[in-house]
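Peer 1: Knowing the structure of chain D, use the given hints to seat chain S on it.
There are 2 protein chains.
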Amino acid sequence: MSYENYTNHLRKLADVNYANALLQWDQEVFMPEKGAAARASQQATLSGIAHELATAPVLGGFIKELLADNTLTALQRSNVERTAKEFEKRNKFSTQFVEEMSMAISAGFQAWQVAKKDNNYAIFEPKLQKLIDLKRREVDLAGYDEHPYDALLDDYEPGTTAADVKELFDNFKPGLKTLLDKIFAAEKPDDSFFKQHFNKDTQWDFGIDLLKQMGYDFSAGRQDISAHPFTVSFGSGDVRVTTRVSESDLTEMIWSCIHEGGHALYEQGLPEGDYGLPSGEAVSLAIHESQSRLWENNVGRSRGFWEFNYPMLQSRFGHQLGNVPLDAFYKAFNRVEPSLIRTSADELTYHFHIIIRFELELAMVEGTLSAKDLPEAWNAKYKEYLGIDVPNYSQGVLQDVHWSHGSMGYFSTYSLGSLYAAQFYAQAVSEVPGLESSIATGQTAPLLNWLRDKIHNKGRNLTSRQVCEMVTGKPLDAKYFMDYANKKYGNIYGF
Amino acid sequence: MSYENYTNHLRKLADVNYANALLQWDQEVFMPEKGAAARASQQATLSGIAHELATAPVLGGFIKELLADNTLTALQRSNVERTAKEFEKRNKFSTQFVEEMSMAISAGFQAWQVAKKDNNYAIFEPKLQKLIDLKRREVDLAGYDEHPYDALLDDYEPGTTAADVKELFDNFKPGLKTLLDKIFAAEKPDDSFFKQHFNKDTQWDFGIDLLKQMGYDFSAGRQDISAHPFTVSFGSGDVRVTTRVSESDLTEMIWSCIHEGGHALYEQGLPEGDYGLPSGEAVSLAIHESQSRLWENNVGRSRGFWEFNYPMLQSRFGHQLGNVPLDAFYKAFNRVEPSLIRTSADELTYHFHIIIRFELELAMVEGTLSAKDLPEAWNAKYKEYLGIDVPNYSQGVLQDVHWSHGSMGYFSTYSLGSLYAAQFYAQAVSEVPGLESSIATGQTAPLLNWLRDKIHNKGRNLTSRQVCEMVTGKPLDAKYFMDYANKKYGNIYGF
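Listed in order, the protein sequences are those of chains D and S. Going by our numbering, the first sequence opens with residue 1, and the numbers climb by one from there. Going by our numbering, the second sequence opens with residue 1, and the numbers climb by one from there.
The shape of chain D in the complex, shown without the other chains (with noise of 0.2 angstroms):
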């Protein structure tokens, strides 16, 4: 009886924390202006209620009866032992802190909203200094072994500390920064036909049907607009995603859509089944981030994926992109160059936005850097590793939503994503048999069944670096990622 316990118990706190993922999704996606004070309430106290059941007496109870019980399978004993190290770590944390939290986080979601719009960092500042000061709390609450960075980088890459991903960033910038040496060197692409007319429903279908061609599943999921496109998911029959759409620039709505698709993609392949059990969940952010890019970067932005799906782009914008070939575009929407927006950059460049933010996180939660020196610090990395100007907050510091999230910790993981996908991404091309001919012709499956085989459907029953070992053989190597780099872009700039 005792597993069965624990299991309803977790599928309780589950159906809460998706009911607040509701709530979050609904707030970014539908909600009126005037809600936004209730809806802060509303999600502050199911947080609250959720680390009730998260580090509720009954649950430790369960935890530790299980732990001695010989009789459990295999996945059980994995399920308990996650679960045992997470309430472990919960407990650290007093209700009133995690309320206090989610307060923290509301208000600074919306102050976030407006200061973007408005470009005015101002509104914003005493919010993220609200939150830097609460992360800290809970870096000290939650303790560390050498850099207070560690505890927040655990919540989403167990396992993972920041100086693995200094190390990881070090090893990995000279060949990269070589590379985009070559590139500049390089005559540029012209990619100026992205900057037309592109009629946003026209764009719009052209996106679902990309994520019918990945294999996303309409019966258990949705697409609809947001300021910042995500992914969200209520357990794997209901995993929505978001996009948004530019009139001015068609690569906007095309990125989201398959970069969402990908994650979207991971979360309805989990066991159904094993709702709420660390069985039925993604593995980490960076696995997640592996995903999503494995999608957008080595499928969405090779030329296989294109020779199917540009002669449809070019019925729907005849006008437009009539007389560009498809090698042309191919070359415009691979273009690299330093740039302002991260998610807008193209994948090699992308690498330096995440290093920038790592760095800022490092200082903001050593608290060697304040929300009031923010802008300017982020401004000095722009110049110093993009070698540009920031014209101002919205397109600077402000263009991304993580922080007013009280996500921090958290960015680091898309470059690791990046590595782990481009290394996924070539295991599958040496298993399974005409993979990229048949990517060339529209046919997605035989890549998706072998995702669902190796990743998917295993949910989270190892850690990111025991799956990278079952998939790959091997722990994660940025080689892998380099040599699709060079190859591709050797290419393509002629060298």
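Everything labelled a hint here was simulated from the structure, so no lab data went into it. Honestly, I wouldn't trust all of these hints.
Any copy will do: because identical chains look the same in the list, a pair fits if it lies in one copy or spans two.
Subject to a maximum C-alpha distance of 25 angstroms in a straight line, what follows is the list of computed SDA-like cross-link-like pairs (lysine to any residue) [said to hold, decoys possible]:
{"id": "1", "residue 1": "Lys34", "residue 2": "Arg11"}
{"id": "2", "residue 1": "Lys34", "residue 2": "Asn8"}
{"id": "3", "residue 1": "Lys34", "residue 2": "Ser226"}
{"id": "4", "residue 1": "Lys34", "residue 2": "Asp453"}
{"id": "5", "residue 1": "Lys130", "residue 2": "Asn8"}
{"id": "6", "residue 1": "Lys488", "residue 2": "Thr441"}
{"id": "7", "residue 1": "Lys383", "residue 2": "Thr368"}
{"id": "8", "residue 1": "Lys212", "residue 2": "Val29"}
{"id": "9", "residue 1": "Lys34", "residue 2": "Gln24"}
{"id": "10", "residue 1": "Lys383", "residue 2": "Leu348"}
{"id": "11", "residue 1": "Lys200", "residue 2": "Val29"}
{"id": "12", "residue 1": "Lys34", "residue 2": "Ile208"}
{"id": "13", "residue 1": "Lys34", "residue 2": "Gln213"}
{"id": "14", "residue 1": "Lys34", "residue 2": "Lys454"}
{"id": "15", "residue 1": "Lys34", "residue 2": "Phe218"}
{"id": "16", "residue 1": "Lys34", "residue 2": "Trp450"}
{"id": "17", "residue 1": "Lys34", "residue 2": "Ala21"}
{"id": "18", "residue 1": "Lys212", "residue 2": "Ala37"}
{"id": "19", "residue 1": "Lys487", "residue 2": "Asn171"}
{"id": "20", "residue 1": "Lys200", "residue 2": "Pro32"}
{"id": "21", "residue 1": "Lys34", "residue 2": "Leu448"}
{"id": "22", "residue 1": "Lys458", "residue 2": "Met470"}
{"id": "23", "residue 1": "Lys200", "residue 2": "Gln223"}
{"id": "24", "residue 1": "Lys34", "residue 2": "Gly215"}
{"id": "25", "residue 1": "Lys85", "residue 2": "Gln466"}
Peer 2: For chain S alone, kept in the frame of chain D given last:
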């Protein structure tokens, strides 16, 4: 401190209930099909948590202390007394019972959707029987003096009994019958022009304009599409309505917009600072319905309202309505005739749709009518009261969502609402100078202000009866409705 503790506790309860309302709204408006199973679990869990909060011994402690506290204001005392009554009632139900009910409601709603779509009552029957059984258990647990139905009606209309409703209907039927006989003997106005093709988006835009004209605040709400129109509140800053639009019938959208808009104006007008407290909530379902019916019937079906709005409707649908004069339009939408569907019935025969449901509910709650026998009983009553044959389940017993939501004892408040509406509106006309001529020029603010002042901003400090006495100086009397109906339809039908 204790009143503050009490307030905080009730606000937390409201947070959970409003979160659950969002789960419900989303289920009816946006949720993908495969999300149903997890959603049912999420709603059951939140219902269980709300029940635990509503029956928590700590709340009982606050109530006991506050009832003995002589320093409370009248408003505070009124809140505590209302909470005390509900606390006592809810404590008669176990959390397990509440969760079982919630699961049965989710299953019932899902089954009803499919059954109605496929005209297949068999899909719904076992779910409905389960709900009837649970309602009968609920009645036994809650207790009652005279009729088991009283225990259900008390949730919606505290202080009103089945006997009260029966007496009201009995008093009111003969006069209504006489009026209907006169109408049926007269020539029917032509309403065939409603059955042309009316573009969905154009209708939608007109509906939005109507809501704005009524004073509905779109920064504190939104409108979406659902199978069955409804209003839902997540606090007075976020009150949403839904509608449905038929391209082959212009009237559906118009009346649902105005009707739900009337409900929403009430919720948007409740005192925001009293979030979660009785003084921040609506009086009862019948008073709620009085607001929707007042706008729908007394305002929306008046000639004056369309003096202003009809030219705008004509400009949107010139092809269909350009040659239809206002008078013909006014008479057409006030055409009275027996019909199958409650929600599209005229305001007179409407009451017979309610009487049928009231009588069927009495029998289901008594245990003398099973889900299996319901369709036959339904069809027999439609023949008896309205003289019409029911051709299928979808337009018969499956037409309304209520029973699938476990809402029994609810329908009678619709008729009560129309009677209150007529009485309130007559009072408003007598108190506000030039009210009807304002409406005829598109100015509804004088009416809304009067409703805000007399009813909306009072919250739930009074019972329905007290509200009626306070606003009109008299108890509820069907004569106001009959005066209104006799005058209006005498003019239209020329007797």
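Peer 1: Each hint: holds or not?
Peer 2: Each hint, compared with the structure:
1. Taking CA atoms no more than 25 angstroms apart as the test, Lys34 paired with Arg11 passes between copies only; the shortest distance there is 18 angstroms, against 32 angstroms inside one copy.
2. For the identical chains of this complex, Lys34 and Asn8 are inter-copy neighbours only, at 21 angstroms across copies versus 36 angstroms inside a copy, given an alpha-carbon limit of 25 angstroms.
3. Proximity of Lys34 and Ser226 under a CA criterion of 25 angstroms is satisfied in both settings, with 18 angstroms inside one chain copy and 23 angstroms between copies.
4. In the homo-oligomer, the alpha carbons of Lys34 and Asp453 lie at most 25 angstroms apart only across protomers (21 angstroms), although the nearest pairing inside one protomer, at 45 angstroms, exceeds that limit.
5. Taking the shortest alpha-carbon separations for Lys130 and Asn8, only the inter-copy value of 23 angstroms comes in at or below 25 angstroms, while the best intra-copy value is 36 angstroms.
6. In this assembly of identical chains, Lys488 and Thr441 lie within 25 angstroms of each other by CA distance solely inside one copy; the values are 20 angstroms within and 68 angstroms between copies.
7. Within a single copy, Lys383 and Thr368 get their C-alpha atoms as close as 20 angstroms, which meets the 25 angstroms cut-off; across copies the closest is 80 angstroms, which misses it.
8. In this homomeric assembly, Lys212 and Val29 come within 25 angstroms of each other (Cα to Cα) both inside a single copy, at 22 angstroms, and across copies, at 22 angstroms.
9. Both within a single protomer and between protomers do Lys34 and Gln24 lie at most 25 angstroms apart by alpha-carbon distance, with minima of 15 angstroms and 20 angstroms respectively.
10. Only within a single protomer do Lys383 and Leu348 lie at most 25 angstroms apart by alpha-carbon distance; the minimum there is 17 angstroms, versus 74 angstroms between protomers.
11. Both within a single protomer and between protomers do Lys200 and Val29 lie at most 25 angstroms apart by alpha-carbon distance, with minima of 17 angstroms and 23 angstroms respectively.
12. With identical chains, the CA atoms of Lys34 and Ile208 are at most 25 angstroms apart between copies only, with a shortest distance of 18 angstroms across copies and 31 angstroms within one.
13. Proximity of Lys34 to Gln213 under the C-alpha cut-off of 25 angstroms is restricted to the inter-copy arrangement: shortest distance 19 angstroms between copies versus 39 angstroms within a copy.
14. For a Cα distance limit of 25 angstroms, the shortest separation of Lys34 from Lys454 across copies, 24 angstroms, qualifies, whereas the shortest one inside one copy, 46 angstroms, does not.
15. Taking the closest pair of Cα atoms, Lys34 and Phe218 come within 25 angstroms of each other only across two copies (9 angstroms); inside a single copy the shortest separation is 31 angstroms, beyond that limit.
16. In this homomeric assembly, Lys34 and Trp450 come within 25 angstroms of each other (Cα to Cα) only across copies, at 23 angstroms, whereas the closest approach inside a single copy is 46 angstroms.
17. In this homomeric assembly, Lys34 and Ala21 come within 25 angstroms of each other (Cα to Cα) both inside a single copy, at 20 angstroms, and across copies, at 17 angstroms.
18. Taking CA atoms no more than 25 angstroms apart as the test, Lys212 paired with Ala37 passes between copies only; the shortest distance there is 23 angstroms, against 37 angstroms inside one copy.
19. Within a single copy, Lys487 and Asn171 get their C-alpha atoms as close as 19 angstroms, which meets the 25 angstroms cut-off; across copies the closest is 88 angstroms, which misses it.
20. When the C-alpha separation of Lys200 and Pro32 is checked against a cutoff of 25 angstroms, the pair qualifies both within a copy, at 22 angstroms, and between copies, at 23 angstroms.
21. When the C-alpha separation of Lys34 and Leu448 is checked against a cutoff of 25 angstroms, the pair qualifies only between copies, where the shortest distance is 20 angstroms, while the shortest distance within a copy is 42 angstroms.
22. Proximity of Lys458 to Met470 under the C-alpha cut-off of 25 angstroms is restricted to the intra-copy arrangement: shortest distance 11 angstroms within a copy versus 65 angstroms between copies.
23. For a Cα distance limit of 25 angstroms, the shortest separation of Lys200 from Gln223 qualifies both inside one copy, at 14 angstroms, and across copies, at 22 angstroms.
24. For the homomeric pair Lys34 and Gly215, the shortest alpha-carbon distance between copies (15 angstroms) is at most 25 angstroms, but the shortest distance inside one copy (38 angstroms) is not.
25. In this homomeric assembly, Lys85 and Gln466 come within 25 angstroms of each other (Cα to Cα) only inside a single copy, at 17 angstroms, whereas the closest approach across copies is 57 angstroms.
Of the numbered hints given earlier, the model fails none.
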